[in-house]
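*Asks:* So you can see what is in the structure, the chains are spelled out below.
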Amino acid sequence: MTLRLSIPWRDARAPMLLRRHGGGGSEAVPAATAGSSRRSGKTRRREEAGLKRANFGDGPGLPTLLLLPQLLILLFFFFIPSLRALMQSVLLSDPFGNNVQFVWFDNFKALLASSDYRQSIAVTFWFTVAQNVLTLGSALVLAFATDRIVRGRSAYRTIILLPYAIAPAIAGILWAFLFNPAVGPLAQLLHHFGIAWDPNLNPTDALILVTLAASWKHICYDYIFLVVGLLAVPVSLMEAAAVDGAGPIRRFVSIALPMLGPTIFFLTVMNFIYGFFETFAIIDAVTKGGPAGATNILVYKVFVDGFVNLDLGSSAAQSVLLMSFALLCTLLQFRYFDRKVNYGV
Amino acid sequence: MGRKVAFIAALFGALALAGPAQARVEVQWWHAMSGVLGDRLNELVEKFNTSQDKYRVVAVAKGNYDEVTNGVIAAYRAKRPPEMVQIAERGYMTMLLSGALVPVQDLVEQKGYKIDFSDFIKPVASFWSYKGRMSAMPFNSSTPIFWYNKDHFQKAGFDKPADTWQELEKQLYAIKSKGISECGTVLPGDFYWSLLENYSAINNQPYGTLANGFDGLGTEFVYNKTKVVSQVARLKKWLDDGVMQIAGQGFSPEQLFTSGRCSTFVNSTASHGNIERNATISWSATFLPHESDINPPLNSTIGGGAIWVMKGHTPERYEAVAAFLDFVAQPETQVWWHGATGYVPATNRAYALARERGYYKDHPTREIAVLQLSRGTPNENSRGFRFGNFVQTMLAQRQEVEAVFAGQKQPQQAMDDAVKRGNEILRQFEKLNAGKTPETERP
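Those sequence lines, one after another, are chains U and E.
Per the working numbering: the first sequence = residues 254 to 598.
Per the working numbering: the second sequence = residues 529 to 971.
No lab work stands behind these hints, which were simulated from the structure alone.
No experiment lies behind these values; they were computed from the predicted model shown.
Hints may be right or wrong, so weigh each one.
Quick list of in silico lysine to aspartate or glutamate cross-link-like pairs, EDC-like style, CA-CA up to 16 Å [as the list claims (entries may be wrong)]: (1) E/Lys948 x U/Asp497; (2) U/Lys541 x E/Asp594; (3) E/Lys575 x E/Asp854; (4) E/Lys706 x E/Asp769; (5) E/Lys698 x E/Glu819; (6) E/Lys582 x E/Glu844; (7) E/Lys959 x U/Asp359; (8) E/Lys964 x E/Glu637; (9) U/Lys362 x E/Glu952; (10) E/Lys639 x E/Glu847; (11) E/Lys704 x E/Asp769; (12) U/Lys541 x E/Asp718.
Let the hints inform the model, and build the full structure from the sequences given.
*Replies:* So, in structure tokens, the structure goes:
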């Protein structure tokens, strides 16, 4: 029974997700079905291979035409703005652009010499790392729990996915209100337990609050990928381990987790990019970068210096640096972690 | 037959009337007023549009002051600027030296309107003029005043808040120790404006060299050597003792006052509309306190916005702009706007008119701002502030003050750092605008 059950899941990928019920494969699948499933899996692989070899006829005409929309989007929304940012970063200019001076790398020098900017780098580092650990950790726990829930699983999944549908600014205001020391119910609860919680005064509290808000918003993203990743773990292995007496947690840690390697690696990269670039609205709604610059992450500083302070040169230099950081971070991750990830299942 | 002719004549008459109406010269005015203030602004524009049939002003709400500024910069760079734009006081130097504007006084005089620019209330006039000529039309001018909860003060045995910071401190501590209110005051969102900048003006403290920047771009901040340092220390003490609270993000300080939680609140006179509408308490207002060793206190300075006229439009459109600005400067308009919003009347004549009509008998707190702005003769320390990149220096300063509140820095250290950072920002502005004088060319 166990052996027969394991076969269909070998080739199962994401689309199979919704069809799986219960924990531990209590549902019997007839051997015949299992066999056909294996066959169809092979066929699918052949089709995939065929797709790669498909050609568009002679000459580069059609492929170029098909690529064109994407290339145009990249041109207008990435290459041109990036080039403008690069140019602006070596200029000192008034916001109206009537007075422009070429200042070489003065904007970069000023940034690297500024304690404010160094603080922003440190804050961004702690924020993204904490956000990453928290998001992945919670998503893993929730994904693991999904596997154990028998009844109401779709309701459970829907509830977990809900935060993703909430606009970041709204999410931010929600968290700011819940933890507002004067009126927020959760802040009152903390005060009740003798914790002097005040994110308006205490930089650490503020950083904790934005980290929580940003993670809460992103857990669902990681969760989806992890649930799908868990489905790719062969049930045969899990059941063999179960027969050998390994409990659910042991099975998860020793079998599922290593096999989730590629997914977790991908999510780590995505979480860093999320932390670097997409948490702007949450910061703006929860703390506005304060108090005392405690939550002034790099992307928020780019915004404030560019759009509030109208210091375009510095803002452009910062965005160039931020992009380099993100690139460097991603490259390092690929360089050092990618090797340790086992892609084979 | 006769009737028919009369009908046709009437029809033609109507068309003749409608003709010019369709040919009205239309000009755009981008502004930053929202909520009640936005509604009032639209009423004002409607008043102008119905008062004549040659011009039509279209008011466009573009978000908050920052968003309006960014919008107008983008529009200017795309060569499609609006004719008029409302910009906050802090952006004065950026606008003045932008090369993108037409000085208002030149425009109005060239178009033949006779606005008495010498009649503007002094801190208003000096803030918005360069070398004695008005660069922008003062529109919504405010100043911070001291709001208080009458019941809390009465219960504690005080008639009203004291005039000096020293006495006021005793009152707030008494209110707290007697258990009347757990929050003596709430930190205003723009405390740098009311409790540091206006504090310096009222208490005759210099904020920067060269007459707070009025005498040149080489100005440097000096508030780390003035009473501002002890003021920051005072605020920190109040916070530590729980006499002052911070509303924080997600909640406005005003709500903590109007709901009766906090006994006092320093805020702009422009919040009259909101407080009248939202307050569930019996409130009143008075002058901002001053230091006990400074007597008499000087005038406070203004905040708010003015209407700037953008370059690059046709003479007909400037006709419309000048007509509208003339309308805004009329005492009648000023008095109406003053009553509708709580902003101060910008001219002495308008103020006299409001007095004459007995407006302040029913609305005594509305007069405080005018009296506070126009008391004494403004000197170098109280005329206002002329710092380039003033938003940026203010944000750096606010960050340093927050570091004091968080217990990371001592007040002196924080103000030294704020001045140092601020001066670097000022030098950048000086470098960019070296040798530049504001545009004086005629439209």
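*Asks:* Taken at face value, is the distance from the CA of E/Asp769 to the CA of E/Lys704 at most 16 Å?
*Replies:* OK: E/Lys704 and E/Asp769 at ~10 Å, within 16 Å.
*Asks:* Does the structure keep E/Lys582 and E/Glu844 at a Cα separation of 16 Å or less?
*Replies:* Roughly 10 Å separates the two Cα atoms, so the pair holds.
*Asks:* Is E/Lys959 close enough to U/Asp359, meaning Cα to Cα at most 16 Å?
*Replies:* holds (12 Å)
*Asks:* Taking only the CA atoms, is the gap from U/Lys541 to E/Asp594 under or equal to 16 Å?
*Replies:* holds (14 Å)
*Asks:* Are E/Lys698 and E/Glu819 close enough, with their CA atoms no more than 16 Å apart?
*Replies:* Roughly 14 Å between the alpha carbons, so the hint for E/Lys698 and E/Glu819 holds.
*Asks:* E/Lys706 and E/Asp769 were given as a pair; does the straight-line alpha-carbon distance stay at or below 16 Å?
*Replies:* Since the Cα atoms of E/Lys706 and E/Asp769 sit roughly 14 Å apart, the hinted pair holds (cutoff 16 Å).
*Asks:* Under the criterion that the straight-line Cα-Cα distance not exceed 16 Å, is the pair U/Lys541, E/Asp718 satisfied?
*Replies:* holds (14 Å)
*Asks:* Next pair to validate is E/Lys575 with E/Asp854; report whether the Cα-Cα distance is within 16 Å.
*Replies:* holds (13 Å)
*Asks:* Against the 16 Å threshold, does the CA-CA distance of U/Lys362 and E/Glu952 hold or violate the hint?
*Replies:* holds (13 Å)
*Asks:* Under the criterion that the straight-line Cα-Cα distance not exceed 16 Å, is the pair E/Lys639, E/Glu847 satisfied?
*Replies:* Since the Cα atoms of E/Lys639 and E/Glu847 sit roughly 7 Å apart, the hinted pair holds (cutoff 16 Å).
*Asks:* Holds or violated: are the alpha carbons of E/Lys964 and E/Glu637 at most 16 Å from each other?
*Replies:* The hint is violated at about 24 Å.
*Asks:* Hey, E/Lys948 versus U/Asp497, does the alpha-carbon distance stay inside 16 Å?
*Replies:* Status violated; Cα separation ~69 Å.
Violation of the numbered hints given earlier is confined to hints 1, 8; the remaining hints are satisfied by the structure.
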